[in-house]
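2 protein chains.
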Amino acid sequence: MQNPPPKIKDVAHVAGVSTATVSRALTQPDRLSEATRQKVFDAIETTGYRVNQAARNLRTRRAGAVLVLVPNLGNPFFSAILSSMNDVLSANGYSVLVFDSQQPGASEQAVADCFLNGSVDGMITLDGHMTSTTAKALRNANMMRNVVFCCEWSDQWPLPSIRSNNGLGARLAVDHLVAQGHRKIAHVTGPASNILAEMRKSAFLQRCATHKLDVPADWVVQGDFSLMAGAQAADRILALSPRPTGVFCASDAMALSFIARCRQRGLRVPDDISVIGFDDIEMAAYAEPGLTTIRQDRAGLGRLAAQELLARLRGEQKTEGAYVIYAPVALIERGTTAAPQNATQPGANGRGGPEPATGFPEPVDKPA
Amino acid sequence: MQNPPPKIKDVAHVAGVSTATVSRALTQPDRLSEATRQKVFDAIETTGYRVNQAARNLRTRRAGAVLVLVPNLGNPFFSAILSSMNDVLSANGYSVLVFDSQQPGASEQAVADCFLNGSVDGMITLDGHMTSTTAKALRNANMMRNVVFCCEWSDQWPLPSIRSNNGLGARLAVDHLVAQGHRKIAHVTGPASNILAEMRKSAFLQRCATHKLDVPADWVVQGDFSLMAGAQAADRILALSPRPTGVFCASDAMALSFIARCRQRGLRVPDDISVIGFDDIEMAAYAEPGLTTIRQDRAGLGRLAAQELLARLRGEQKTEGAYVIYAPVALIERGTTAAPQNATQPGANGRGGPEPATGFPEPVDKPA
DNA sequence: CCACGCCATGTAATCGATTACATTATTGAT
DNA sequence: ATCAATAATGTAATCGATTACATGGCGTGG
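Chains as they are written, first to last, in the working numbering: chain A, 24 to 391; chain X, 24 to 391.
By construction, these hints were calculated from the structure, which means they are not laboratory data. Hints may contain errors.
For chains that are exact copies, the list does not tell them apart, and a pair is met inside one copy or across any two.
Here are the simulated DSS-like pairs of lysine-lysine, each with C-alpha atoms no more than 27 angstroms apart in a straight line [claimed, not checked]:
#1 Lys159 x Lys30
#2 Lys32 x Lys159
#3 Lys62 x Lys159
Make the full structure from the sequences, and use the hints.
Printed below as a string of structure tokens:
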């Protein structure tokens, strides 16, 4: 078995047929008679033959691989998504090539090259920013149709986008806090210019408006989804006066570090301040108290995106132009949200005496 | 640009040279005269030529890709490692193909096929269990030399292994607890038959013996690195009598959920029980209190493994057979470990009165 | 019995690069 | 000035599959 691996010619020889027949046995078995097909399969078995992918790829002009572009591979939020993508793609005979879009090096050109030199058939991008280098490469390689957005997206390109219903998620978060009696709600956003961050923020603001809540500008603090951002946001928000009683964080990572920082500064969650996150990462369920959050179906996002790409690779281009497929979101109520103290027992805030007058009316305006 | 992409022949024509010359300009520029080289590069520029990887791979019998085999892609512990591997591999012209070794489907055969059909040049495996299918494929493809273990490993194969010094890590953990006065230390292990779990556990037991600590069998509870396992372990350990005052968890995930569960049951960490983890995942620094843990250099592990594989792919097979490269570990002292209450102020345990007599001698035996 | 078409299979061109070998130009030593 | 060695480049074979086209056998309708 140390000798050169068997080629299609060897199989043909053993089976007593032509190379064309062997190739057909591999790619279109129905076109062969039962007898020859069996002969060929036997020969494949005895020789231990495996098709040479490079040769096949060269001839068929396919790569059998797709690229998954991840912004910051180190972010664990993506691992579940990557995992489910991998499941469905590899089950369909595609290899998964992973790239990190935020890698300092020449990664931008590397992505472009993947398409230009034909080493991938398509791409799922978790990064909503598509660089012009990439876009040009896609055009040149005529591969624009083989791209789908997942999680993040850009309206600039006529591509399908698999995403969570971020607006609904934000509304659920606000509604939940309001239902518990909160009227002073702050928001910690994702990174500036990130489409997810924008969606969640604008839906947050709109929903607050619907509930007739006033949201001063400095109650919306800029974050970036990261643990560090959550801690920093806590410092800013706890310094506010009047202090918000509820906080909607655009990611669970920020919510968890926000809570940790609150504790560190002597506040109790949810007693002194309620916090709700977004994502429902695994840790959310195992924190103490459990993190109330908006669940994203990460496995579903990955699966749907992979299936969508597969459909396109098969040529079933369902719809022209951009379209959206939503993955469900859901409120997961755990222990970090509760009625604000001054709502249930006004002035009972053990620390620092009664809340200063806020100047905001506090009508009871619970939505359905 | 919608027409068939330029081939080497087109470039040759534009540059007024032969295809061989163009090819040489690409692969061994030094062998050309300055003038022709420039002509060729100009022609490449004007035509927008990119080499076709499939054709190159077919001819050179290389794939330009390596496979990274991850046990459970969904586990965020691996993302930082994957990220740094990706950095160095893609900087060296290799694509990274990701597989999940615990995926239910025919992934085992899929990995084997990757080698047999020549679609990868080598592999880094984070999974210490190499299946016989995989091993046979590696032998047949004569690729056994192009494999390196990272994090986990198996002594069964003569391959390099990049790993943390798990034994040292466990000793640091024990020493730290002992230095704070703990004499009753429990351990939550990784999954059965996992080599990391075994290393940490045996080093833990040995070190405890060195310190003359008694470790009853039921103080070593079986976990599996996961959040759920940590919570379950907490239930078991808190039910112990006498109750351990310090716990060494074989992963940060388990440590964090262990702590959360302790809290949930009314115990304070570190006041009532000290907990030390292993890994130093990002969350460890942002928990409250910060998780004392043994840091693994995840980025370093990935980088070293990638570099080692690259060296092998270049044919610089430094050493015959198996050898080990250690990535450093370090004790990161944060807030979840402290002197046990009954050590500093015996009997002062606010909850449930004085600790019952343990039956264990408590000599003062602090190591250096 | 013939002609037509279909089915199973074979022959050979092809995908697009690399590279062994051949050829020509150049250099340097004697 | 001559010849060997070396450098620069070209010609064509090659990597290992797929597939267009060709071929021969067989069934069927007239």
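Indices of hints not satisfied (ascending):
none
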